[in-house]
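Using the sequences plus the hints, can you model the full thing?
There are 2 protein chains.
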Amino acid sequence: MFQANELNPTARFLMGPGPSEVHPRVLKAMATPLVGHLDPQFIEIMNGVKTMLRQLFRTENELTFAVSGTGSAGMETCFVNLLEPGDEALICVNGVFGNRMCDNAARCGAKMTRVDAPWGQPIDPVMVKQALKTCKPKVVAIVHAETSTGVRQPLEELGEAVRGAGALFLVDTVTSLGGVDVRMDDWGIDAIYSGTQKCLSAPPGLAPVSFSPRAVEVMDKRTTKVQSWYLDLSLLRTYWGGAKRVYHHTAPVSMAYALYEALRLILEEGLEARFERHERNHALLRDGLEELGFEFVVAPEYRLPMLNAVRIPKGLDDAAVRARLLDEYNIEIGGGLGDFAGRVWRIGLMGCSCTVNHVHILLAALRQIMGR
Amino acid sequence: MFQANELNPTARFLMGPGPSEVHPRVLKAMATPLVGHLDPQFIEIMNGVKTMLRQLFRTENELTFAVSGTGSAGMETCFVNLLEPGDEALICVNGVFGNRMCDNAARCGAKMTRVDAPWGQPIDPVMVKQALKTCKPKVVAIVHAETSTGVRQPLEELGEAVRGAGALFLVDTVTSLGGVDVRMDDWGIDAIYSGTQKCLSAPPGLAPVSFSPRAVEVMDKRTTKVQSWYLDLSLLRTYWGGAKRVYHHTAPVSMAYALYEALRLILEEGLEARFERHERNHALLRDGLEELGFEFVVAPEYRLPMLNAVRIPKGLDDAAVRARLLDEYNIEIGGGLGDFAGRVWRIGLMGCSCTVNHVHILLAALRQIMGR
Numbered sequence: 000m001f002q003a004n005e006l007n008p009t010a011r012f013l014m015g016p017g018p019s020e021v022h023p024r025v026l027k028a029m030a031t032p033l034v035g036h037l038d039p040q041f042i043e044i045m046n047g048v049k050t051m052l053r054q055l056f057r058t059e060n061e062l063t064f065a066v067s068g069t070g071s072a073g074m075e076t077c078f079v080n081l082l083e084p085g086d087e088a089l090i091c092v093n094g095v096f097g098n099r100m101c102d103n104a105a106r107c108g109a110k111m112t113r114v115d116a117p118w119g120q121p122i123d124p125v126m127v128k129q130a131l132k133t134c135k136p137k138v139v140a141i142v143h144a145e146t147s148t149g150v151r152q153p154l155e156e157l158g159e160a161v162r163g164a165g166a167l168f169l170v171d172t173v174t175s176l177g178g179v180d181v182r183m184d185d186w187g188i189d190a191i192y193s194g195t196q197k198c199l200s201a202p203p204g205l206a207p208v209s210f211s212p213r214a215v216e217v218m219d220k221r222t223t224k225v226q227s228w229y230l231d232l233s234l235l236r237t238y239w240g241g242a243k244r245v246y247h248h249t250a251p252v253s254m255a256y257a258l259y260e261a262l263r264l265i266l267e268e269g270l271e272a273r274f275e276r277h278e279r280n281h282a283l284l285r286d287g288l289e290e291l292g293f294e295f296v297v298a299p300e301y302r303l304p305m306l307n308a309v310r311i312p313k314g315l316d317d318a319a320v321r322a323r324l325l326d327e328y329n330i331e332i333g334g335g336l337g338d339f340a341g342r343v344w345r346i347g348l349m350g351c352s353c354t355v356n357h358v359h360i361l362l363a364a365l366r367q368i369m370g371r
Numbered sequence: 000m001f002q003a004n005e006l007n008p009t010a011r012f013l014m015g016p017g018p019s020e021v022h023p024r025v026l027k028a029m030a031t032p033l034v035g036h037l038d039p040q041f042i043e044i045m046n047g048v049k050t051m052l053r054q055l056f057r058t059e060n061e062l063t064f065a066v067s068g069t070g071s072a073g074m075e076t077c078f079v080n081l082l083e084p085g086d087e088a089l090i091c092v093n094g095v096f097g098n099r100m101c102d103n104a105a106r107c108g109a110k111m112t113r114v115d116a117p118w119g120q121p122i123d124p125v126m127v128k129q130a131l132k133t134c135k136p137k138v139v140a141i142v143h144a145e146t147s148t149g150v151r152q153p154l155e156e157l158g159e160a161v162r163g164a165g166a167l168f169l170v171d172t173v174t175s176l177g178g179v180d181v182r183m184d185d186w187g188i189d190a191i192y193s194g195t196q197k198c199l200s201a202p203p204g205l206a207p208v209s210f211s212p213r214a215v216e217v218m219d220k221r222t223t224k225v226q227s228w229y230l231d232l233s234l235l236r237t238y239w240g241g242a243k244r245v246y247h248h249t250a251p252v253s254m255a256y257a258l259y260e261a262l263r264l265i266l267e268e269g270l271e272a273r274f275e276r277h278e279r280n281h282a283l284l285r286d287g288l289e290e291l292g293f294e295f296v297v298a299p300e301y302r303l304p305m306l307n308a309v310r311i312p313k314g315l316d317d318a319a320v321r322a323r324l325l326d327e328y329n330i331e332i333g334g335g336l337g338d339f340a341g342r343v344w345r346i347g348l349m350g351c352s353c354t355v356n357h358v359h360i361l362l363a364a365l366r367q368i369m370g371r
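Protein sequences, first through last, are from chains F and G. Mapping of the first sequence onto numbering that gives the first Met the number 0: position 175 corresponds to residue 174, and the numbering continues sequentially without gaps. Mapping of the second sequence onto numbering that gives the first Met the number 0: position 230 corresponds to residue 229, and the numbering continues sequentially without gaps.
I should point out that these hints are in silico values taken from the structure, not numbers from a laboratory. Note that the structure is a prediction, hence the values are computed from the model and not measured. Errors might be hidden in some of the hints.
The calculated DSS-like cross-link candidates involving lysine-lysine, where the alpha carbons are at most 25 Å apart (straight line), are [as the list claims (entries may be wrong)]:
#	chain 1	residue 1	chain 2	residue 2
1	G	27	F	27
2	G	110	F	224
3	G	224	F	110
4	F	110	F	135
5	F	224	G	137
6	F	137	G	224
7	F	224	G	224
8	F	128	F	110
Beta-carbon label-pair distances, calculated as ranges [as the list claims (entries may be wrong)]:
#	chain 1	residue 1	chain 2	residue 2	range
9	G	327	F	85	53 to 59 Å
10	F	337	G	5	41 to 47 Å
11	F	290	G	57	57 to 63 Å
12	F	223	G	310	36 to 42 Å
13	G	245	F	9	20 to 26 Å
14	F	159	G	133	56 to 62 Å
15	G	222	F	9	43 to 49 Å
16	F	57	G	115	46 to 52 Å
17	F	243	G	370	29 to 35 Å
All residues carry an ideal CB built from backbone N, CA and C; glycine is no exception.
So this is what it looks like as C-alpha cells:
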C-alpha cells in the first residue's frame, strides 16, 4: 500500500500572481474546529462575511456573498446567471481573463461582440461606446485588473456608458479587490466577482460576488433555468440570505472562517491605508527593477501596484532564474501566460505578500543572480 | 464601520449529516503556510491525493482527482461532462440526492427516464433492468448512500446490467466513501463522486471524483463543449495530470493539504478497520436508540452505518429537542429533509465523529431530555 510522505512543504515567499501569503491569524482561523454549516453560529459568520464584503466592494447590494469555488467559479456564476441562450454580450479583451470571459459567454449560448486591445494596454472607452452603437448587449463585461498583463482598467467612464445603453455592467476584480479601490456602486457596476487568494490574502477556494438590484431584476425575469445547479443564484440566495436558510450545498466552513478573519484584518488596517501600502511597495519595487534593467509592460498610468509585469532582460533565462529563485531563495514569482510566456515575469505584491521586506529580498536575490 | 466579532465558535460534537468532526492533524494541515499552486511541492501533494483516492475508490483509473468545489460540484462535474443535449439518462430516485441528479441532467438538456422507489427503500434492480429494455440511456445514475434517508443501495448486480446495456454507470458516494466499502472497478462503475466532509473527515470544499477509461472515451467523442468552463474535464485533466501541468484555475491549496492529511489518516487506520468501526458504533447506537423507542426508517439489510435515519417518537418536539441538544450539550444532529421534515432525525457517525464516546454522549443526553 502507498505510504504518502508527511505533509511538510517548504516555507515560501509568495510573490507570484497568487496565491499570496496568508496572515498567521488566518492560518489559525483555518485550524478552528468546525461547526455545522446550518449552526446558528455559522450563520452569524456568513452574515459577518456578507457585511464585510459589502464594505470592501463599497456597495449596498443585499446579494453579496462568497461562492463556494475559486475566482473562476465566481466568473462563471456571473455569466450563467445573467445570460440566457441567444442573449447578446459585449466583452472587452486585453488578456487571458477577458478571453476566459468570452469562453464563458459562448458556453451560455450568447451572441458575442468583442472589443479588443493589445496585451498590456487598457480598453479604450471610446471603442466600447462605438460598439454600443452597433449592438444591443444585455451584459458588458470587462476585467478591472488583468492578471496576465498587469493592466489597471479605468472604469468610471465606462459604467455610465454601459448603463446608458441599458446593459448590465459586469466586472472582474479578482486581483484588484483589497489592493486598489473598487467602488461598485459609484462606478455603476451591476455584477462583480473576486477571489480570496490575491489581495485578500486568504487561501484560494472562495469567490466573493455581489449583484445590484438591477441585476437581480434581470435574473428574476429569466425564462430558462440557469445551466449550472451549483452556481444557480435563485437557489444560493435562499442559502446565504433570507429569514430562513434553505439547504443547498454544504458551505466550505473552514474557508469561510479564513475569509472572515482575512476581512477583519483588512478592515482593521483600513482600506485607504492598505491601498497606500500597495502603491508604496510597488514604487519601491519599480525603482529597484528599473535599476536592474527591467522594463514594465504597462504604461505608468495604467499599472497595477499588486501585479508587476516586466520584460525579462536579454541574457536572463526565464525558467532557470525562476527555478533558482524558488530553490535557493524560496521566492516564487510568476512566468508569463500566452504570448507573454518566456518573455515576461509577473511579480505579485498582494496583501500579506506586499511588504517592504518582500521587495528587498527579491531585489537582493535578483542582484545576486545577475551578478550586480 | 462594522466591527466583526472575534472568530470564536463553540466546540461541537458533529453528529449530523455532515460536516463531521476533523482530526487535529487535519486542522494542523489546514494551518500550514501555503505554497503556490504550481510549485513542484504542491504538484507532489496533488499526486499524493490522486494515488490515495485511487486506493479509497479501489480503482486503477488514471483520471482520479478532487474537484475544487463541494460534493454537489462533484455531481455536476459528472453530469455536464458525460451528457450532451438530447442524450438519454436513466436516473434512480429514492431521496433528495436522486432528485438533485434529475435536476442536473435536465439542465444538461438530457431526456430522462426515472426509476423511483419510496423514500427509505432501495431501488429494485429488477425495475432498472426492466427500464433498460424500453430506453437506451447513455448514463444510468444512482446514489450509493442516500443521505436524506439512510438507505444503502446494493450496486454489484446493477453495474453488470448497466454495462450490459451499453450505458455508463454513474454513482454518488458522497456519504459512503471512507465509511463503507466502495469498489469502483469491481462494481463496474464508470463515474463516481464524493465529498470531503462526511466519512473522510476533512472540511467541506473538495469533491473527489474518478472516471473509467470508458467514460473518458465517451467524453473524448463529445461534439459540443461542456456547458461549464469551471468543471470541464478536458481542461481539468491537463491541470491535474499529464507531463506538463497547464494552468486552469487556482486549486484550493489549504483544502488540498487537509484532504491529503485526511487520506493519510484513513490509510493508516486501514480501510477494513475503518469500515468495521463504523459498523460497530452503528450497532451500539441502534441498540440504544431502539431502547429509547426510536424506530429506524430503513430495513436492517439496507441501513447505512454512518447515517442513521430514525422516526421521532410521539411527544418529542423535533426543533425543540434538536435546539436543546445543540445549546445544552453541544451536539448537532440532523433534521429530516423534504417529506421527512419534522418526522425524522438523521444521526451521523462519520469518520472522526464515529466513536463509542459520541454514541454514549448522544444516548445519555437523549435519556436526560426524555426523562428516562
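These are the hints, each one checked on the structure:
{"no.": "1", "hint": "27/G to 27/F", "in the structure": "holds (9 Å)"}
{"no.": "2", "hint": "110/G to 224/F", "in the structure": "holds (16 Å)"}
{"no.": "3", "hint": "224/G to 110/F", "in the structure": "holds (16 Å)"}
{"no.": "4", "hint": "110/F to 135/F", "in the structure": "holds (11 Å)"}
{"no.": "5", "hint": "224/F to 137/G", "in the structure": "holds (23 Å)"}
{"no.": "6", "hint": "137/F to 224/G", "in the structure": "holds (23 Å)"}
{"no.": "7", "hint": "224/F to 224/G", "in the structure": "holds (19 Å)"}
{"no.": "8", "hint": "128/F to 110/F", "in the structure": "holds (18 Å)"}
{"no.": "9", "hint": "327/G to 85/F: 53 to 59 Å", "in the structure": "holds (56 Å)"}
{"no.": "10", "hint": "337/F to 5/G: 41 to 47 Å", "in the structure": "holds (44 Å)"}
{"no.": "11", "hint": "290/F to 57/G: 57 to 63 Å", "in the structure": "holds (59 Å)"}
{"no.": "12", "hint": "223/F to 310/G: 36 to 42 Å", "in the structure": "holds (40 Å)"}
{"no.": "13", "hint": "245/G to 9/F: 20 to 26 Å", "in the structure": "holds (24 Å)"}
{"no.": "14", "hint": "159/F to 133/G: 56 to 62 Å", "in the structure": "holds (59 Å)"}
{"no.": "15", "hint": "222/G to 9/F: 43 to 49 Å", "in the structure": "holds (45 Å)"}
{"no.": "16", "hint": "57/F to 115/G: 46 to 52 Å", "in the structure": "holds (50 Å)"}
{"no.": "17", "hint": "243/F to 370/G: 29 to 35 Å", "in the structure": "holds (31 Å)"}
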